[in-house]
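Colleague: Each chain, letter by letter, is given below.
There are 2 protein chains.
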Amino acid sequence: MRIVITGGAGFLGSRLARALLARGSLTDARGERRPIQRLVLLDVVAPALSDPRVSTVTGDLADPALIERVVTPDTDAVFHLAAVVSGQAEAEFDVGMRVNVDATRTLLERCRSLARPPKFVFTSSLAVFGGSLPDPVPDDARLTPQTSYGAQKAIGEFLVYDMTRKGYIDGRSLRLPTITVRPGKPNKAASSFASGIIREPVAGVVSECPVPETTGVWILSPRRVVEAFIHAQELPSSAWPTTRVVNLPGITLSVREMNDAMGRVAGPESVARVKFVPDARINGIVKTWPVRFRTPRADAMGFRADPDFDSIVRDHIENGAVIPA
Amino acid sequence: MRIVITGGAGFLGSRLARALLARGSLTDARGERRPIQRLVLLDVVAPALSDPRVSTVTGDLADPALIERVVTPDTDAVFHLAAVVSGQAEAEFDVGMRVNVDATRTLLERCRSLARPPKFVFTSSLAVFGGSLPDPVPDDARLTPQTSYGAQKAIGEFLVYDMTRKGYIDGRSLRLPTITVRPGKPNKAASSFASGIIREPVAGVVSECPVPETTGVWILSPRRVVEAFIHAQELPSSAWPTTRVVNLPGITLSVREMNDAMGRVAGPESVARVKFVPDARINGIVKTWPVRFRTPRADAMGFRADPDFDSIVRDHIENGAVIPA
Numbered sequence: 261m262r263i264v265i266t267g268g269a270g271f272l273g274s275r276l277a278r279a280l281l282a283r284g285s286l287t288d289a290r291g292e293r294r295p296i297q298r299l300v301l302l303d304v305v306a307p308a309l310s311d312p313r314v315s316t317v318t319g320d321l322a323d324p325a326l327i328e329r330v331v332t333p334d335t336d337a338v339f340h341l342a343a344v345v346s347g348q349a350e351a352e353f354d355v356g357m358r359v360n361v362d363a364t365r366t367l368l369e370r371c372r373s374l375a376r377p378p379k380f381v382f383t384s385s386l387a388v389f390g391g392s393l394p395d396p397v398p399d400d401a402r403l404t405p406q407t408s409y410g411a412q413k414a415i416g417e418f419l420v421y422d423m424t425r426k427g428y429i430d431g432r433s434l435r436l437p438t439i440t441v442r443p444g445k446p447n448k449a450a451s452s453f454a455s456g457i458i459r460e461p462v463a464g465v466v467s468e469c470p471v472p473e474t475t476g477v478w479i480l481s482p483r484r485v486v487e488a489f490i491h492a493q494e495l496p497s498s499a500w501p502t503t504r505v506v507n508l509p510g511i512t513l514s515v516r517e518m519n520d521a522m523g524r525v526a527g528p529e530s531v532a533r534v535k536f537v538p539d540a541r542i543n544g545i546v547k548t549w550p551v552r553f554r555t556p557r558a559d560a561m562g563f564r565a566d567p568d569f570d571s572i573v574r575d576h577i578e579n580g581a582v583i584p585a
Numbered sequence: 261m262r263i264v265i266t267g268g269a270g271f272l273g274s275r276l277a278r279a280l281l282a283r284g285s286l287t288d289a290r291g292e293r294r295p296i297q298r299l300v301l302l303d304v305v306a307p308a309l310s311d312p313r314v315s316t317v318t319g320d321l322a323d324p325a326l327i328e329r330v331v332t333p334d335t336d337a338v339f340h341l342a343a344v345v346s347g348q349a350e351a352e353f354d355v356g357m358r359v360n361v362d363a364t365r366t367l368l369e370r371c372r373s374l375a376r377p378p379k380f381v382f383t384s385s386l387a388v389f390g391g392s393l394p395d396p397v398p399d400d401a402r403l404t405p406q407t408s409y410g411a412q413k414a415i416g417e418f419l420v421y422d423m424t425r426k427g428y429i430d431g432r433s434l435r436l437p438t439i440t441v442r443p444g445k446p447n448k449a450a451s452s453f454a455s456g457i458i459r460e461p462v463a464g465v466v467s468e469c470p471v472p473e474t475t476g477v478w479i480l481s482p483r484r485v486v487e488a489f490i491h492a493q494e495l496p497s498s499a500w501p502t503t504r505v506v507n508l509p510g511i512t513l514s515v516r517e518m519n520d521a522m523g524r525v526a527g528p529e530s531v532a533r534v535k536f537v538p539d540a541r542i543n544g545i546v547k548t549w550p551v552r553f554r555t556p557r558a559d560a561m562g563f564r565a566d567p568d569f570d571s572i573v574r575d576h577i578e579n580g581a582v583i584p585a
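Which chain is which? The protein sequence lines are A and B, in order. The first sequence maps to residues 261 to 585 in my numbering. The second sequence maps to residues 261 to 585 in my numbering.
Don't read these hints as lab results, they were simulated from the structure. Model, not experiment: these values are computed from the prediction. It is possible that some hints are incorrect.
No farther apart than 25 Å at their CA atoms in a straight line, the calculated lysine-lysine pairs in the DSS-like style are these [claimed, not checked]:
#, chain 1, residue 1, chain 2, residue 2
1, A, K448, A, K535
2, B, K426, B, K547
3, A, K448, A, K547
4, A, K547, B, K448
5, B, K535, B, K547
6, B, K547, A, K426
7, A, K535, A, K445
8, A, K547, A, K535
9, A, K547, A, K445
10, B, K448, A, K426
11, B, K426, A, K448
12, B, K445, B, K535
To give an idea of the interface, some chain A residues facing chain B are shown, with a C-beta separation under 8 Å as derived from the structure [what the hints assert, rightly or not]:
#, residue
13, F353
14, V355
15, D400
16, A401
17, R402
18, L403
19, S408
20, D422
21, K426
22, P501
23, T502
All C-beta atoms in this analysis are idealised placements derived from N, C-alpha and C, irrespective of residue type, glycine included.
Let's have the full structure, built from the sequences with the hints guiding it.
Modeller: Encoded structure:
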């Protein structure tokens with residue numbers, strides 16, 4: 261198996277890479293489980309992962325020549341995780357269009373051009389939804405993005421579906437909940453606070469929360485979303501009969517409930533480190549996103565949510581967060 | 261007023277042009293009715309329309325240099341009617357993407373770049389719907405295109421809405437029913453039969469119908485859709501508060517009911533000229549489209565359907581169809 265991960269230097273990309281390397285094998289297009297011989301991580305910066313099976317390539321994802329070099333004819337799977345995140349896509353429309361739409365199309369066209377197109381897993385987002393919607397959002401809710409990020413992801417979904425319907429590729433799109441807790445530094449995603457209000461406080465650092473504590477968030481853990489990427493790739497085509505996109509399962513918590521869980525797991529002093537500093541721009545994006553979903557389709561397909569937020573916080577701490585003495 | 265019509269040599273484009281010229285004026289972005297001084301018809305072929313106010317430009321719509329030349333800074337309105345139709349977009353994916361997606365984006369970007377962006381009317385289609393849907397289709401139905409044409413139009417709608425939301429342009433998208441009766445020759449639209457089963461028979465010519473007579477069609481007349489283009493342009497922004505797309509009203513008829521109406525208006529001999537010659541490819545596209553809609557939103561906004569199909573056939577005949585002696 262030869263696998264390409266775009267955004268391979270990012271948090272989810274590198275975590276997916278590690279999970280695939282640990283697993284050692286993946287199911288191919290014919291449903292056969294085969295050893296992973298080559299894992300190519302493509303990103304604008306070089307990922308830090310040393311394994312003899314890993315190659316890293318840096319460059320502009322919207323460059324067809326680069327994509328041609330990276331997605332070789334013997335590629336079995338592409339996990340397309342690279343994206344300009346919500347806050348940046350809203351602030352820099354053209355950068356968002358270039359990466360979220362143009363690079364996705366370039367990748368899809370490259371896959372289409374191959375004699376044996378790789379399975380293609382596309383990272384979409386709950387941001388394709390927005391505005392007035394049923395609560396909870398059903399599996400068949402209409403797409404009503406209220407952000408450029410959401411509109412660009414919706415366009416990506418339509419390309420993946422139509423090119424799959426045409427038989428050009430074998431695509432699968434996953435609409436991700438907000439993924440928390442992410443390690444590292446805050447990023448330009450409007451949802452960055454959902455990690456920041458846990459990651460910094462449990463490490464003894466004060467964190468600013470830009471949205472009210474009543475704000476609801478639809479949540480999935482890094483562990484579960486990596487499982488979902490692999491599961492989406494391994495599902496046979498027959499598991500996607502009428503559409504190629506699925507709303508992943510998740511759990512809904514308010515910021516206050518997230519803090520309460522952190523208090524139970526990491527002590528009340530962690531909660532005291534969360535300072536509410538309203539940011540109208542971020543709140544303006546976040547409040548367009550629905551916070552409750554019903555996901556019977558994903559459940560039936562075998563995708564799984566986390567049992568509760570306490571376990572997510574515990575998992576984050578056990579995976580290397582620094583707890584103050 | 262300076263107005264640009266893409267697809268200006270096409271049937272709807274030239275009919276819209278004639279309607280605008282006859283009207284003589286149009287409401288501008290400030291809500292003022294102003295005389296039409298210049299009407300620019302852009303198409304791949306030159307339109308046949310002589311009026312001192314008309315300029316014609318031929319060229320490739322996806323060429324930014326051409327678009328820059330045609331959409332000048334003093335342009336008040338763009339009616340974007342040019343498209344690769346459903347049958348061709350399904351047969352030639354890349355041609356469809358180039359015109360239906362790339363040219364639309366080039367036009368939108370050009371409008372955005374202007375100090376005073378023109379109002380932008382985008383021609384979408386009921387083909388953005390498909391597959392399993394409520395019957396009748398409600399205004400807020402989800403987009404489920406099952407053809408490349410539908411997917412490409414859906415992508416155009418998302419671009420129009422997001423760029424309008426950002427304040428880059430002032431866009432309005434209309435989802436057109438099947439427009440019948442079109443004069444001229446059959447085209448590559450899968451819905452071409454909906455005109456062919458009237459146009460040829462009332463002119464004394466045998467017509468082949470590629471779909472069963474039980475096939476339902478969601479119909480609007482050329483007269484009404486031209487009114488809708490102008491009405492969509494003239495409506496103030498405040499008439500489009502939560503979205504920038506509307507399902508136009510229409511009437512539902514089966515092929516058999518269309519034939520019956522033709523018989524009443526043009527005599528039973530016209531009906532005898534319709535021969536059923538099944539075409540699986542065309543039927544495969546047509547049967548993905550819903551045939552019944554509820555359009556309270558369009559109705560409230562002042563868009564109008566035809567009273568019945570008899571009047572559509574009568575209107576077609578009075579506007580120049582040749583009736584055999």
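Colleague: Need the status of pair K445(B), K535(B): alpha-carbon distance at most 25 Å?
Modeller: 17 Å, holds
Colleague: Just to be careful: measuring from the Cβ of R402(A) to every Cβ in chain B, is the smallest value less than 8 Å?
Modeller: 3 Å, holds
Colleague: Holds or violated: are the alpha carbons of K547(B) and K426(A) at most 25 Å from each other?
Modeller: Satisfied, since the Cα-Cα distance of roughly 17 Å is no more than 25 Å.
Colleague: Restraint: A401(A) near chain B, CB-CB cut 8 Å. Satisfied or not?
Modeller: 6 Å, holds
Colleague: For the pair supplied as a hint, K426(B) and K547(B), confirm whether the alpha-carbon distance does not exceed 25 Å.
Modeller: Violated - the C-alpha atoms of K547(B) and K426(B) are around 36 Å apart, more than 25 Å.
Colleague: How about K426(A): closest beta carbon in chain B under 8 Å, or not?
Modeller: 6 Å, holds
Colleague: Does the nearest C-beta of chain B fall within a distance shorter than 8 Å of the C-beta of S408(A)?
Modeller: 5 Å, holds
Colleague: Given the proposed pairing of K535(A) with K445(A), does the C-alpha separation stay at or below 25 Å?
Modeller: 17 Å, holds
Colleague: Within a Cα-Cα threshold of 25 Å, do K535(B) and K547(B) meet the stated pairing?
Modeller: 19 Å, holds
Colleague: Need the status of pair K547(A), K448(B): alpha-carbon distance at most 25 Å?
Modeller: 44 Å, violated
Colleague: Assess, step by step, whether the Cα of K547(A) is no farther than 25 Å from the Cα of K535(A), and give holds or violated.
Modeller: The hint holds at about 19 Å.
Colleague: Restraint: V355(A) near chain B, CB-CB cut 8 Å. Satisfied or not?
Modeller: It is violated, given that the least Cβ distance between V355(A) and chain B is near 14 Å, above 8 Å.
When held up to the earlier numbered hints, the structure conflicts with 2, 4, 14 and 22 and fits the remainder.
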